[in-house]
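Based on the provided sequences and hints, a complete structural model is requested.
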Amino acid sequence: MSSLSSIPWTRRLRGVADILAGLTVITGFTLLLAGQVGEGSFEPFFHFSYLTNQTSYSNIVVLLAGGFLAFTKPQDTLAYATVRAIFVAYAAVVGIVYNALLREPDHFGFHNEVTHVAIPIYLVLDWLIRNNRPRIGWNTIWIGLSYPLVWVGVTLIRGEVTGWYPYFFVNPHDGLGWGGVLAFVLAIAVFFAGFIAGMVALNHLQHRRISKS
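Residue numbering for the sequence shown is -13 to 199, as defined by the numbering used here.
FYI, nobody ran anything at the bench for these hints, they're computed from the structure. As the structure is a computational prediction, the values presented were derived from the model and not from experiment. Among the clues, some could well be false.
Pairwise CB distance ranges (calculated) [claimed, not checked]: (1) A175 - P(-6): 35 to 41 Å; (2) K59 - V23: 36 to 42 Å; (3) L114 - A86: 19 to 25 Å; (4) L19 - P(-6): 34 to 40 Å; (5) L111 - F57: 18 to 24 Å; (6) S197 - L114: 16 to 22 Å; (7) S132 - A86: 23 to 29 Å; (8) A169 - H190: 27 to 33 Å; (9) L162 - T13: 32 to 38 Å; (10) L135 - F54: 26 to 32 Å; (11) R(-2) - G24: 35 to 41 Å.
Ideal placement from N, C-alpha and C gives every residue a C-beta, glycine not left out.
As structure tokens, then:
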């Protein structure tokens, strides 16, 4: 663990930003769940089945871990940089898919705007701005794809058993059919792979610029 004085103030400032972002997500979920519990509408099975919620809860861990590392190490670890790249891509894809396909006219509450707009934008901008992360490998793509693909598999199996699907595009019994679901899943998988590849490419570009400076 490095002494605080040996860590650049700019890195510590970004660490504060990560911590504040993580706390903002916690606040959003706290308000959402408090409202649902108060109304008697909170259903843990449904709530934790949504990929958007799963990735948003994970973002809390990623952001708070980033804040901790910013105050204890002069540079992120390779493992953390890899995980961060993956979750930046997840946040970007989830934000785009939610706002393009899933947002309903009355869904503009604090929680939705934080998890589906503000945090994705913050994570992407942060990845663009920070240039002192370790060089991550292209295998990040396959590591990152494994989680959403497992989620799809579990969701489809559970849906066949329970009859409930979290999103219309993974419901083969609601007009899409299995062919339509497969098309959506493949398209979103390509989307995920493309964004993860973009995060890796940006990381490599930053390293090339540093090596030339």
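Violating hint indices (sorted, rising): When the structure is compared with the hints, none of them turns out to be violated.
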